[in-house]
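Chain by chain, the residues run as shown.
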Amino acid sequence: MSDSTPTPAQPPVPKKTNRIGLEMASYRGGKTTLCAGCGHNAISERVIDAFYEMGVDPKRVMKFSGIGCSSKSPAYFLNPTHGFNSVHGRMPSVATGALLANSAMLGIGVSGDGDTGAIGIGQFVHLMRRNLPLIYIIEDNGCYGLTKGQFSPTADLGSKAKNGVVNDLPPIDTCALAIELGASFVARSFSGDKKQLLSVLKAAIAHRGTCMIDVISPCVTFNDHEGSTKSYSYVKDHDEPLGEISFVPYFEDITVEYEAGSTTTVKMHDGSHLYLRKVAEDYNPADKLSALRLLHETARRGEFATGVIYIDPDQEDFIGTLNLVEQPLAFLPADRVRPGRQVLDELMESLK
Amino acid sequence: MSSVSPSTAPADAARTVPVTNDFSIQIATVNGSGSQTANLVLLRSIFQMGVPVSGKNLFPSNIAGLPTWYTIRANGRGYVSRKKEIDFLVAMNPETAREDVLALDPGRSVVYDEPLGLNSLRNDLIFYPVPFDKIVAEVCTEAKLRRLVKNMIYDGVLAQLLSIDLAEMEKALGKQMGKKPKAMQLNVAALEAGKKYAADHFESKHPYRVERMDKTAGQILVEGNAAAAMGCMFAGVTVVAWYPITPSSSLPESLIGYMRKYRMDKESGKATFAIVQAEDEIAAIGMVIGASWAGARAMTSTSGPGISLMGEFAGLAYYAEVPAVVFDIQRIGPSTGLPTRTAQGDILSTAINSHGDTKHVMLLPSSPEECYTMSMDAFDLAERLQTIVYVMSDLDLGMNTWMAEPFAYPDKPFDRGKVLDDAKVKELGATWGRYKDVDGDGIPYRSLPGTPAPAFFTRGSGHNEMAHYSERPDDYVKNMERLLRKFDTAKTLVPSPVLEASSNSPVGIIAFGSSHWAVEEARDQLREELGLETSYLRLRAYPFSPQVEEFIRRFDRVYVVEQNRDGQMLSLMRMDVDPALQVRLRSVLHYNGLPIDARSISDAIRGYEQAQ
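So the protein sequences, as listed, match chains L and W. For the first sequence, position 28 (counting from the first letter as 1) is numbered 27 according to numbering that gives the first Met the number 0, and the numbering increases by one without interruption. For the second sequence, position 401 (counting from the first letter as 1) is numbered 400 according to numbering that gives the first Met the number 0, and the numbering increases by one without interruption.
Treat the hints with care, as some may be off.
Derived list of chain L stretches under chain W, where covered just means 3 residues or more per stretch with a C-beta under 8 Å from a C-beta of chain W [claimed, not checked]:
{"no.": "1", "segment": "57-66"}
{"no.": "2", "segment": "121-130"}
{"no.": "3", "segment": "180-190"}
{"no.": "4", "segment": "327-341"}
Derived DSSO-like pairs (lysine-lysine); straight-line CA-CA distance at most 30 Å [unchecked claim]:
{"no.": "5", "chain 1": "W", "residue 1": "Lys-174", "chain 2": "L", "residue 2": "Lys-351"}
{"no.": "6", "chain 1": "W", "residue 1": "Lys-425", "chain 2": "L", "residue 2": "Lys-30"}
{"no.": "7", "chain 1": "L", "residue 1": "Lys-58", "chain 2": "L", "residue 2": "Lys-194"}
{"no.": "8", "chain 1": "W", "residue 1": "Lys-423", "chain 2": "L", "residue 2": "Lys-58"}
{"no.": "9", "chain 1": "W", "residue 1": "Lys-170", "chain 2": "W", "residue 2": "Lys-195"}
{"no.": "10", "chain 1": "W", "residue 1": "Lys-435", "chain 2": "L", "residue 2": "Lys-30"}
{"no.": "11", "chain 1": "W", "residue 1": "Lys-170", "chain 2": "L", "residue 2": "Lys-351"}
{"no.": "12", "chain 1": "W", "residue 1": "Lys-178", "chain 2": "L", "residue 2": "Lys-351"}
Just the calculated beta-carbon pair ranges, DEER-fashion [what the hints assert, rightly or not]:
{"no.": "13", "chain 1": "W", "residue 1": "Lys-411", "chain 2": "L", "residue 2": "Ile-19", "range": "39 to 47 Å"}
{"no.": "14", "chain 1": "L", "residue 1": "Arg-276", "chain 2": "W", "residue 2": "Gly-268", "range": "41 to 49 Å"}
{"no.": "15", "chain 1": "L", "residue 1": "Asp-344", "chain 2": "W", "residue 2": "Arg-259", "range": "16 to 24 Å"}
Since the hints were derived computationally from the structure, they do not count as laboratory data. Bear in mind that the values here come from a model prediction, so they are computed numbers and not experimental data. Glycine included, C-beta positions come from ideal geometry on N, C-alpha and C.
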């Protein structure tokens with residue numbers, strides 16, 4: 000107390016926030032209960048990064064899932080967001096209803112390869128047809144984790160299960176299916192490719208329409224062995240990235256330098272830009288046929304292409320198709336949804 | 000037929016006693032032949048003469064080519080349930096004509112297409128042969144229109160034979176045809192030609208006639224499904240998801256028509272609703288649950304097979320406590336066969352639809368008016384109770400034409416239930432838990448996405464009262480017991496039963512839904528023919544309110560009338576009612592696919608009572 004000279008107050012270290020003033024903590028979720036090293040956890044991390052970097056208010060988001068290991072993961076990101084862990088294979092319908100009720104929200108759904116490709120293939124097909132504005136992530140490990148490692152419909156022909164059983168049916172390519180059916184943003188990525196997955200997710204947030212993102216996400220417990228085509232080592236060896244992806248959101252004033260001729264630029268609906276560099280000359284991500292040919296050709300070589308495979312930034316989404324009013328249907332006041340007495344009188348008169 | 004004596008005595012006897020405003024007409028045609036307009040014109044013309052009517056369509060599961068029967072009942076006392084006996088047959092279908100004629104009681108009348116030669120089948124009936132093809136050729140020069148116009152000729156013939164005012168038929172035709180002058184002209188000519196042919200060739204030998212009354216003034220004619228659709232619109236529904244299934248489809252289809260006309264936003268021209276024809280019933284209920292979870296008033300409409308498909312989601316909605324409105328327009332069982340025939344066969348399977356311990360609220364409309372009001376009740380109850388509310392209609396109620404007083408404009412504001420708003424967030428503060436019973440009624444507060452209220456993560460069975468993931472036995476039991484408390488609260492909120500008590504009745508009757516009209520008539524039959532007074536409790540909802548048990552306690556015998564084989568409602572009562580009272584319950588069942596009739600009920604009760 001001898002020193003009467005006050006020490007100057009230390010200014011608090013400013014916490015790092017995003018463009019809407021939120022800290023990373025606002026985007027985190029609960030503690031994961033998935034296996035250590037599970038690809039799904041890496042995907043949750045990238046979802047957190049993407050929403051943070053894009054500056055999306057978590058209160059403007061709704062998250063959905065079906066049933067399975069994958070479908071637990073919405074509990075592990077965006078805690079301030081309403082979430083709905085629904086029933087097996089039926090997340091698309093729940094998400095559809097919720098987004099019709101409140102089209103001002105951004106929807107993200109997480110499914111698995113069994114949840115989508117087997118029990119949920121019907122709802123998946125019709126979701127793609129409607130082009131509902133929803134980010135639909137398949138956490139794809141080619142097997143059922145929660146029920147101990149059975150093959151799923153995305154397991155490759157000849158792929159070996161942990162117990163030695165060889166898969167004798169061809170896989171469903173969810174990306175090819177989604178393109179065929181009408182999804183307006185179709186991508187494939189790898190849970191281990193941080194940079195690419197983050198760019199894909201950020202572009203998906205900027206897109207208006209169904210974003211179908213198949214993320215190969217190895218199952219460390221049941222499908223990470225020799226003979227599996229969804230193991231970390233196999234995926235690393237056979238991943239064929241479609242050039243380099245960079246995403247520049249509308250709110251960032253960045254000039255991207257690229258060599259003319261080798262870069263495809265996609266202007267997104269909200270003014271953001273997606274740059275696809277060093278892609279093959281005969282490949283055009285805005286062309287369905289070109290995208291489908293790419294998928295088939297890489298599959299024939301035993302590789303899989305990753306990146307944004309198909310995109311149509313201008314395709315009408317389901318909210319537009321249904322011609323919905325701007326305000327969320329859920330919050331329309333009574334006087335806009337209960338017609339007046341004269342309407343009932345008119346109806347009664349017509350029945351007399 | 001050699002055993003039938005060639006006497007015309009029954010017909011002569013009938014002629015001596017005129018029967019006014021009390022008969023049934025059955026028109027037998029081929030599905031897809033366009034007879035519906037003619038049938039509705041006939042129904043409406045009698046209705047316009049002030050005589051109570053009902054119209055029931057017995058149709059096959061087929062687009063065209065299979066037999067269909069339309070039955071009209073006219074009854075001055077106001078009975079509108081199906082009459083078991085056919086008094087007047089119009090036989091237009093060669094395929095069924097023989098069987099239809101052989102099934103008639105002696106003394107009844109048959110209008111038939113002359114080439115069918117039906118008069119040789121029996122000589123105890125009154126036959127009116129009409130050369131339809133010949134008459135239609137004179138009226139209608141365009142061959143391709145003749146098939147449709149031909150039907151209007153039988154209306155003209157019946158106008159003459161039953162003393163129906165042709166002007167009323169023309170008025171009814173105008174209502175059907177709208178602004179199509181050419182079609183109107185052609186059909187009026189057919190009506191007139193039919194009437195003229197009958198006047199020139201027949202002398203009425205039957206006793207049946209229509210005479211003007213004043214019992215339908217101001218009333219409307221409507222199908223239950225259309226009434227329910229109106230109820231949904233006035234209930235402020237905003238999200239509808241459905242999958243086509245008979246006999247439910249006309250509900251959402253009517254709704255689409257009303258919403259496009261009356262629910263487009265005036266300023267923007269955009270829709271204040273989303274209606275989705277889903278890929279199946281599972282997706283339909285999933286969309287409804289998603290929409291309701293996000294705060295919309297959402298509904299679907301289906302029939303038995305759809306209810307089965309929705310089972311898994313129904314359990315999720317029960318456990319996660321998400322509101323939803325589901326119409327079940329009941330019909331006979333699975334797959335191919337009798338999907339176009341009526342039944343009350345989904346009572347038990349719907350009440351406990353899903354896996355695990357699940358119980359659902361069901362509303363039981365018995366008239367188009369209740370289809371309308373209970374649609375609005377259903378949305379209020381679903382949001383108040385945060386659970387699925389099923390509206391259990393049936394094919395007879397939903398698709399057939401019923402008289403009703405014009406519907407009243409709703410006088411209550413919407414009940415949107417316990418939703419966290421700013422004030423409630425302040426009041427409950429950080430102590431809010433999604434599944435906490437704050438008010439002691441078992442109903443927690445929910446928060447909606449897109450509002451400032453705190454979020455929660457929705458799951459099925461595994462959660463504690465803070466909506467955190469939990470597999471703890473005590474959390475599960477606590478939650479299940481609260482859900483039971485909520486079901487007890489439901490008993491106080493659902494529409495109460497309607498009691499019609501007689502002071503000196505030894506027996507009670509319990510019924511619900513479309514059986515109501517036949518029960519009313521059966522009670523009159525029992526009183527008038529047997530001197531048996533009955534008291535009657537009409538159920539309007541499940542869970543049962545305490546009045547149900549009180550009613551059973553008052554009588555030695557209580558007949559539970561329902562349209563299924565296994566006494567499903569009675570089984571539900573057994574789960575809830577004092578076991579000592581259960582011996583008093585006995586079933587009166589009707590399940591042949593036809594709408595229930597009064598005689599079947601009064602005969603069954605008479606048999607039981609006489610055996611006492």
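So, going through the hints one by one against the coordinates:
1. Under the rule that three or more residues need a Cβ within less than 8 Å of chain W, the assignment of the segment 57-66 of chain L holds, with 4 such residues.
2. Coverage of the segment 121-130 of chain L by chain W holds in this model, with 4 residues showing a Cβ closer than 8 Å to a Cβ of that chain against a need of three.
3. For a cut-off of 8 Å, the count of residues in the segment 180-190 of chain L with a CB near a CB of chain W stands at 0, and the three-residue condition is violated.
4. Here's how the segment 327-341 of chain L fares: 11 of its residues keep a CB closer than 8 Å to some CB of chain W, so the rule of at least three is met and the hint holds.
5. A C-alpha spacing of about 10 Å is found between Lys-174 of chain W and Lys-351 of chain L, which places the hinted pair at or below 30 Å, so the restraint holds.
6. This hinted pair checks out: Lys-425 of chain W and Lys-30 of chain L have alpha carbons roughly 28 Å apart, not beyond 30 Å.
7. Between Lys-58 of chain L and Lys-194 of chain L, the direct Cα distance comes to roughly 26 Å. Compliance with the 30 Å bound is thereby established for this hinted pair.
8. Among the hinted pairs, Lys-423 of chain W with Lys-58 of chain L is consistent with the structure: their alpha-carbon atoms are about 18 Å apart, no more than 30 Å.
9. Under the criterion of a C-alpha separation no larger than 30 Å, the hint pairing Lys-170 of chain W with Lys-195 of chain W is consistent with the structure, at around 18 Å.
10. Restraint check for Lys-435 of chain W and Lys-30 of chain L: the C-alpha separation of about 24 Å stays at or below 30 Å, so the hint holds.
11. Between Lys-170 of chain W and Lys-351 of chain L the alpha-carbon distance is near 12 Å, which keeps this suggested pair within the 30 Å criterion.
12. The suggested pairing of Lys-178 of chain W with Lys-351 of chain L holds, with an alpha-carbon distance near 17 Å, which does not exceed 30 Å.
13. At about 42 Å, the beta-carbon gap between Lys-411 of chain W and Ile-19 of chain L stays in the expected band of 39 to 47 Å.
14. Between Arg-276 of chain L and Gly-268 of chain W the C-beta distance comes to about 44 Å, which sits within the given range of 41 to 49 Å.
15. Taken as a hint, the range 16 to 24 Å holds for the pair Asp-344 of chain L and Arg-259 of chain W, whose Cβ atoms sit roughly 19 Å apart.
Checked against the numbered hints listed earlier, the structure breaks hint 3 alone; every other hint is satisfied.
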